[in-house]
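Visitor: Quick note, the sequences are listed as chains P and Y, same order.
Residue 265 in our numbering sits at position 265 of the first sequence, and the numbers go up by one each step.
Every position in the second sequence, counted from 1, becomes a number in our numbering once 265 is added.
In case anyone wonders, no lab produced these hints; they're calculated from the structure.
Do not take every clue at face value.
Stated by the list, open to error - Some residues of chain Y that are not near chain P, with every Cβ distance over 12 Å (derived): (1) S362; (2) Q374; (3) F457; (4) N588.
Said to hold, decoys possible - Selected chain P positions facing chain Y (in silico; Cβ < 7 Å): (5) I53; (6) C121; (7) I123; (8) S149; (9) A153; (10) F156; (11) T180; (12) T258.
Glycine is no exception: its CB is placed at the ideal position from the N, C-alpha and C atoms.
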Amino acid sequence: MEASRIEIKKIKNIMLDLAYRSGKATHFGGAFSCLDFVYLVFNEYMGVDFKKIDRNYFILSKGHTVLALYGVLNHQGIISDEIFDQFLRDGSKFISHPIMNVEIGIESSNGSLGQGVSMACGIALGLKKIKSNKKVFCVLGDGECNEGSVWEAVQFATAHDLNNLIFYVDVNGFQNDGTTSESLTELPFDNIFNAFGWNVKTVNGHDYEEIKNAIENTNFQTQKPNAIIGKTIKGNGISFMENNADWHNNVLSEKLYTLAKLELS
Amino acid sequence: MSTEFFTERNAKLLGRMGVRAALGQAINHLAKSHDFQVMSADLGRSSGLGPFINEFPDRYIGAGIAEQNMIGVAAGLTKIGLKPILTTFAPFFSFRSSEQIRMNLGYMQQPVILVALASGVALGTLGNSHFGLEDVAIMRNIPNLQITCPTDPFELYKVLEYAITDDKPYYIRLNGSINYPIVNRSDYNFVFGKHILQVDYGNDILIVANGSQVYPSIRNAEYFKELGIGVKVLNCHTINPFDYASLDKYIKENKIKKVIVTEEHSINGSLGSILTEYLFSNKLDVDLEVLGFPCSEFVVNGSYEFILNNYNLTYEGIQNAINNLIK
């Protein structure tokens, strides 16, 4: 528990350094809310060989939080430190949304919300077709669930018994325009996924062991797909970013960068 | 294997049964020698896939009435090395799912094959909601997408076989209904991306056509040959990448001065636009007549034949266009 907390702090430092060195607006809030899950998946389940087909997969459907993925992949030694000179620079492959680069763990190009979920379903179905017992992890946002295509994917997963599929809904309660209820509505995700015929587990999305237990205790013997509902804090760990819609996408000043780094020390 | 498909008897049979039966039989035939999956958005049996679904139930994936998700799922299947062929009506790919196609087939270049049924106005009385009037115009603007419009059952087979063995994404648009026109009655040499000069009776007029318009164009070339007027018919089955060399050869080199474009599509954004841009950028002094649907209004209601006739996309309509050009 303590070990994972230390590693996640290290990754948050990487993320702040990446963003500050770029000097550009970065999606901090959602990246810090889903980071614990992204780190856990790569730390426990992903390995480093992304060339082979028969393996676990990770899709960041809420692609604007790619800062978390870059941070984790750099921390795991999969993306080299060259990213510090490239993030958000002209001509770079490391921009504000993932660009598919399978060899370094970026499975898909995302940015248009409600699409990664469908690809995750396809990968899960494909793995079953080749008789693999590997799993697909897909991170989606609570705001992203406004998109109708998310629910097309959810029905598809139910219909095709995709029990090797794990959706992680990062419920931080915010989206671009403010809280989810201000923007549209706050959804009862546990009831909804239950009603669609999924296994559902609600966890504290900042508790490594609780998330891990939810994954490990998932009953893959049933035919149901799996939803983990992560209750999270937008901008988690940085006081001025927490539950503050201004930090959905913003620029770090030198003063705030120093303050944030201090809070993580 | 493919030789038994390309018989005159089968051409006639598939012509009579129509484009969807031709698609179904081609897929069923190819399934015996090629490894692929088939998906449809609740139009499996309507796509002529009944025999395939019966014979290969494990290779058919129902997506429900959810085209956007179907595209993403198909892209996911390609990640596992599977090759999906998808069917739905043209507007449900090109409009409803255009962004999914842009991301998955364009941006990520996942080798998914889309077969757009009833592209054009084949669905007749189902109306404009079901027509593919502008699908090429949209799909052509997505980088990395191969776009074709085969002219008959055998060309459909050839295009499908090529797409299945290639590693690129495809949009295959199908004109036609029952009584699909037959241009080819035996096996022939088909090269993806290389247009076919179907008939060459002289240099008075070049007809540029594809899909449903190739057959009536050939019949007109034969009609005008008897009158001493030389007509060429160029079958532009591949729209992207476009075979501009064929235009250089048959317009520039032959010093053609009159060109007719006929296509079951909006006059904007497909062959009509391609030819207009080509002639202008090459500073060619050529009279051009484009037959197709207007983009200023939705098309009239009625049967497939009635609508085609209303926009001169018929043997008679093309004949009138030729007569006007040679006046």
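Visitor: Hints first: check each against the structure and report whether it holds.
Guide: Do the hints match the structure? See the list:
Not every CB of chain P is more than 12 Å from the CB of S362/Y (nearest about 9 Å), against its label as outside the interface. Residue-level check failed: Q374/Y sits 9 Å from the nearest beta carbon of chain P, not beyond 12 Å. Residue placement check: F457/Y keeps its beta carbon more than 12 Å from all beta carbons of chain P (closest about 26 Å). The claim that N588/Y is not at the interface with chain P holds, since no C-beta of that chain comes within 12 Å of its own (minimum 50 Å).
With a least beta-carbon distance of about 6 Å to chain Y, the hint placing I53/P at the interface is held under the 7 Å criterion. With 7 Å as the threshold, the beta carbon of C121/P comes within range of chain Y, its nearest partner Cβ sitting at about 5 Å, so the hint holds. With a least beta-carbon distance of about 4 Å to chain Y, the hint placing I123/P at the interface is held under the 7 Å criterion. Hint status for S149/P: holds, given a least beta-carbon distance of 4 Å to chain Y, under 7 Å.
Interface hint status for A153/P: upheld, as the beta-carbon distance to the closest one in chain Y is roughly 5 Å, under 7 Å. Satisfaction of the interface hint for F156/P is found here, the shortest Cβ-Cβ separation to chain Y being roughly 6 Å, below the 7 Å cut-off. Contact between T180/P and chain Y, as hinted, is not supported at the beta carbon level, the nearest pair being about 22 Å apart and thus beyond 7 Å. Evaluation of the T258/P hint against chain Y yields a violated restraint, the C-beta minimum of about 38 Å exceeding 7 Å.
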